[in-house]
Each structure stands twice: as C-alpha cells, then as structure tokens.
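Chemist: The chain contents come next:
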Amino acid sequence: MRESTVPAARLSLVSVAQALDVHPFVVARVLGHVGELPPGLRFEPADIERTRVLAGLDTWWQGDEFLPPAAPLRERALIRLLMQKLVERRLTDGQWTLAENLCRGLSSRDRPTVRRAVNVMVQSGVLRSRASWRGLEATVAPGARARVEELAAGGALPPDLLEGAP
Amino acid sequence: MSAAPPGVVDGLGTIAEWRAAAEEALAAERARLEDALREARSRLEEAEQHVERLEQASHLAEAGLQQLDDEETQRIRDAVSSGLMVDAALLTTRSAALRRAVHRRALDAAGLSAVEAGPLDGLDMDRAPPAASGGAGADHAARLLPHLLAAEREPGVLDVPLAAIAAVASVELEDGLPTAMAVVLPVPWTVYAEPSRHGDDLCARLAWRVVAALGVALRDVGAADAPVRPVSEDGRLSFQVWLADSELLGSVKDAVTSGIDQIHEQAHELRAAGLELYIAWLDPEILAPPEDRHDA
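Chains as they are written, first to last, in my numbering: chain A, 100 to 265; chain B, 1196 to 1491.
None of these hints come from the bench; they were simulated from the model.
Be aware that a few hints might be false.
Stated by the list, open to error - Calculated lysine to any residue pairs in the SDA-like style (CA-CA distance at most 25 Å, straight line):
| # | chain 1 | residue 1 | chain 2 | residue 2 |
| --- | --- | --- | --- | --- |
| 1 | A | 184 | A | 210 |
| 2 | B | 1448 | A | 231 |
| 3 | B | 1448 | B | 1484 |
| 4 | B | 1448 | A | 134 |
| 5 | A | 184 | A | 120 |
| 6 | A | 184 | A | 165 |
| 7 | B | 1448 | A | 194 |
| 8 | B | 1448 | A | 135 |
| 9 | A | 184 | A | 194 |
| 10 | A | 184 | A | 109 |
| 11 | B | 1448 | A | 222 |
| 12 | B | 1448 | A | 133 |
| 13 | B | 1448 | A | 230 |
| 14 | A | 184 | A | 133 |
| 15 | A | 184 | A | 153 |
| 16 | A | 184 | A | 162 |
| 17 | B | 1448 | B | 1276 |
| 18 | B | 1448 | B | 1283 |
| 19 | B | 1448 | A | 232 |
| 20 | B | 1448 | B | 1458 |
| 21 | A | 184 | A | 138 |
| 22 | B | 1448 | B | 1474 |
| 23 | A | 184 | A | 222 |
| 24 | B | 1448 | B | 1419 |
As the list claims (entries may be wrong) - Computed footprint of chain B on chain A, listed as stretches where at least three residues anywhere in the stretch have a Cβ under 8 Å from a Cβ of chain B:
| # | stretch |
| --- | --- |
| 25 | 148-162 |
| 26 | 178-188 |
Said to hold, decoys possible - Just a few of them, taken from the derived set where beta-carbon distance is under 8 Å, the chain A residues facing chain B:
| # | residue |
| --- | --- |
| 27 | 112 |
| 28 | 113 |
| 29 | 139 |
| 30 | 140 |
| 31 | 144 |
| 32 | 214 |
| 33 | 218 |
| 34 | 219 |
The C-beta atom is built at its ideal place from N, Cα and C for all residues, glycine as well.
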C-alpha cells in the first residue's frame, strides 16, 4: 500500500487501484456492486484498505518465505508452500478466494512457476473455479482435499506440477 | 348460227369458273391469314422478350428486397460507428479543455501565476506535492492542490454548449430470455488496455462509472456474479456480459438504463464538460462481431 501523505478525499480511482495492484475496473465494479463508489470519484486513504477487503484481495506471498536460491529446489519449495497456503487459508475446507490471490505478492521470477501449477491443478480438477462479482474465484475440489493436505505435509509432489517449470 | 353448247359442257364451264373464283378467294384468304400469322408471331416474339425482360427486372427487385435488410443493418452499423467516433472525439477534446480550465481556475483562486506554479501538466492531483524536496515549487503545489480539487467540482468551469454523447447496447435473447449483453462506450480501448495513459481523464471516468453502473444493475437483477469482459469493438471499449447462467429477476435493460440515468446525476465532471450521457439500445445483430453476423 502506498504511503499516504496526501490530503483526504483527493485520491483518484487510479491511485486506489495502483495501491491495491489491481486494474481500475476492479475497483469500479466492486464499489459499484456494494453501492459505494464516491459520487465525485475521489477517495480518502482509508478507502484503500476498505476496498481491499470488499474486493477480497489477499496477498498470499509476503516475500518473507524461505526459498532456495536456484532451481529445481526453488520450484519445489514454491509448490509445497502453495499447498500449505491452500490448507492454511482453509481452501481445503470449502473456503473460496480470488484466483489471482494464489499468485499475489510473488516476484516476477516466481510467478510463472506458481501460475503454471495453479493452471495444472484447475485442469486436473484439483482446484475448482467460479465467476463472482469480485472476479474468478477458486477453491480446492472436495475430492482433492486429502491429496492437497498430504502434499502440504510433505508428500511427493506429482511430476505434472513440476514438469516444465523454469 | 351455231347450236348452244351441250348442257354438259356448259355445266363443266360453270364449275371451272367456280373453281377459279374459289381458288382466288381462298388464296387471298390464305395470304391474309399468313400475314396475320406472321404479324401475330412477331407480336408473340416481342411479348416473350418483354416477359423475359419483366422477369429479369422482377428478379432484380426481389434480390434488392432481400438485400434491403442487410443494407439497412450495414447502414445502421456505419451510423453507430460514426456516432461513437464523433462522441469519442468530443469526449477527448472536452477532457483536455476541462483540464486546462480547471488549472486556470485553480491558479486564479490560489493567486498564482502560471509561471509561479510551473508546468501544470505534470501536477497530478493524485500525487502528493513534493513537499519533501522543499522549495517554492512544493509550496505552490501545496497551495494549488485544494483549489484544483475544488475547481473540478465547480459547475460552469468550462464555457461550452451542452452536447449529448451515447453508449450503445444490445441484449441477445434465446427463447425470450437474455443470454448476453454488450455495451459499447464512446471511449478508446486504451482506457482499459493502457489505464496509465489516461489517468483519470473524462474517458476513464466515464468508463469507471459505467462499470460501476453495470455492477449495480447486475446485482439488482440477481446477476451479480455474471462475468463482465472488456473487449475492443473497432478500437472502442465494449463490455460483454454473459447472462445465460443467471436467473434474472427483472429487466436487465431497464436496470442498466436506470444506472446510466444515475450517472447523469452523479458525474459532475461530465456536467462540467457540458456532456450528457445516454444509452441507445439496438438490435443485437448490429453489435454482433463479424463472425456471428447472419449476413456474414
């Protein structure tokens, strides 16, 4: 979130979107849906956090994760951490989250690895998706919960999640 | 004195005269009929040619009638495209004019000259004045910002005639139920594709307000989760909404029209720029992509 040294109610919608690292249209649709788009399109700094919550934005990767410096251990660690985050955030208990949260916070170096793994999990039915007014949401399919918990606990990662990882 | 010819001879002679007279009469009749026949054949030939010409003309007229719908559709498409282009140009022009007018009014209110304030184009109301760097520039920017914020809300900041601009929209039906909706805005596609290029200019603000209005409308008709996909429609921003998976509780057309009406009330920047936004509902065939057109 950007440092707010600005006077109240002068932030534009673009600034709010930039602070949240989303497209301005995400802010517009979310605030439109809840009927809270300010008539003057000017925002107070506190609106940034409120919009983040309304939009369901959750930064899964804080940058403080321990990751080996090089492949292939780094990729294995990323995918193991992804499994653990799926469990920690209770997606194995039926919770839904924005699909983009699964990669939110990742560096441009690590994002392709996790994005690819997520795509493989969607295609193989491990992850389910649905459309919502916030955007595309994801959860762990009921039939795959035990498997994800096993992988999070240290089970051998399937090759298709690692295959082709840079 | 010779004797009168025998009766037989006399009789034969009479027959010969009858025969000659009859032959002459019949030959004349035959000649008259052959003339009439030639005349009739000639007229028949002309009539047949006339019929052929009429048939050809009739086929052309029939084909023209069949093409009329396509021609009308194409003319409407051209008119819509042209109208959107004109409105987009007007929006862009007024956006720049409004920005200049707001800057001028803010300078006056702050008691600063343009020279003192420095280049205003680089002064973004979103960004904090460079107070940390200190100096007169930072001080002037700090003085100017509240006036910029106030000026953008003041009516009459731009002295221009009121003009109407329109978004165009359509709802596609299947078995009487809406399956998809398209809303095309008079703003360039770059508003979505390159948001930083537009900042918060009039085009961007109009697009955000429409996105928000769509969000409200979809929520109100029970289609809150309907996917809304921005696409480029001939270089202009269009929203495609998938409604087939939603059970609508009301008219999505009425809900969106109501949302656009509310933009009238709320969008002070449009009023300041002398613009009124309308929405025109069209047959879905008009807004259908080329691959989905029936006349393609």
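Chemist: Next, verify each hint and record whether it holds.
Modeler: Hints, verified against the model:
1. A/184 / A/210: Roughly 15 Å separates the two Cα atoms, so the pair holds.
2. B/1448 / A/231: holds (21 Å)
3. B/1448 / B/1484: holds (20 Å)
4. B/1448 / A/134: holds (19 Å)
5. A/184 / A/120: holds (21 Å)
6. A/184 / A/165: Within the cut-off at roughly 14 Å; holds.
7. B/1448 / A/194: Outside the cut-off at roughly 34 Å; violated.
8. B/1448 / A/135: holds (22 Å)
9. A/184 / A/194: holds (12 Å)
10. A/184 / A/109: violated (37 Å)
11. B/1448 / A/222: violated (36 Å)
12. B/1448 / A/133: Roughly 20 Å separates the two Cα atoms, so the pair holds.
13. B/1448 / A/230: holds (22 Å)
14. A/184 / A/133: violated (29 Å)
15. A/184 / A/153: holds (21 Å)
16. A/184 / A/162: The hint holds at about 14 Å.
17. B/1448 / B/1276: holds (21 Å)
18. B/1448 / B/1283: At roughly 23 Å apart (the allowed maximum being 25 Å), residue 1283 of chain B and residue 1448 of chain B satisfy the hint.
19. B/1448 / A/232: holds (19 Å)
20. B/1448 / B/1458: holds (16 Å)
21. A/184 / A/138: With a Cα-Cα distance of about 38 Å, the restraint between residue 184 of chain A and residue 138 of chain A is violated, given a limit of 25 Å.
22. B/1448 / B/1474: At roughly 10 Å apart (the allowed maximum being 25 Å), residue 1474 of chain B and residue 1448 of chain B satisfy the hint.
23. A/184 / A/222: Since the Cα atoms of residue 184 of chain A and residue 222 of chain A sit roughly 20 Å apart, the hinted pair holds (cutoff 25 Å).
24. B/1448 / B/1419: holds (15 Å)
25. 148-162: violated (count 0)
26. 178-188: violated (count 0)
27. 112: At 6 Å from the nearest chain B Cβ, residue 112 of chain A passes the 8 Å test, so the hint holds.
28. 113: With a closest approach of 5 Å, the residue 113 of chain A hint holds.
29. 139: Holds: closest Cβ of chain B sits about 6 Å from residue 139 of chain A, inside 8 Å.
30. 140: holds (6 Å)
31. 144: violated (11 Å)
32. 214: violated (20 Å)
33. 218: At 18 Å from the nearest chain B Cβ, residue 218 of chain A fails the 8 Å test, so the hint is violated.
34. 219: At 23 Å from the nearest chain B Cβ, residue 219 of chain A fails the 8 Å test, so the hint is violated.
This entry does not satisfy hints 7, 10, 11, 14, 21, 25, 26, 31, 32, 33, 34, going by the numbered hints stated previously.
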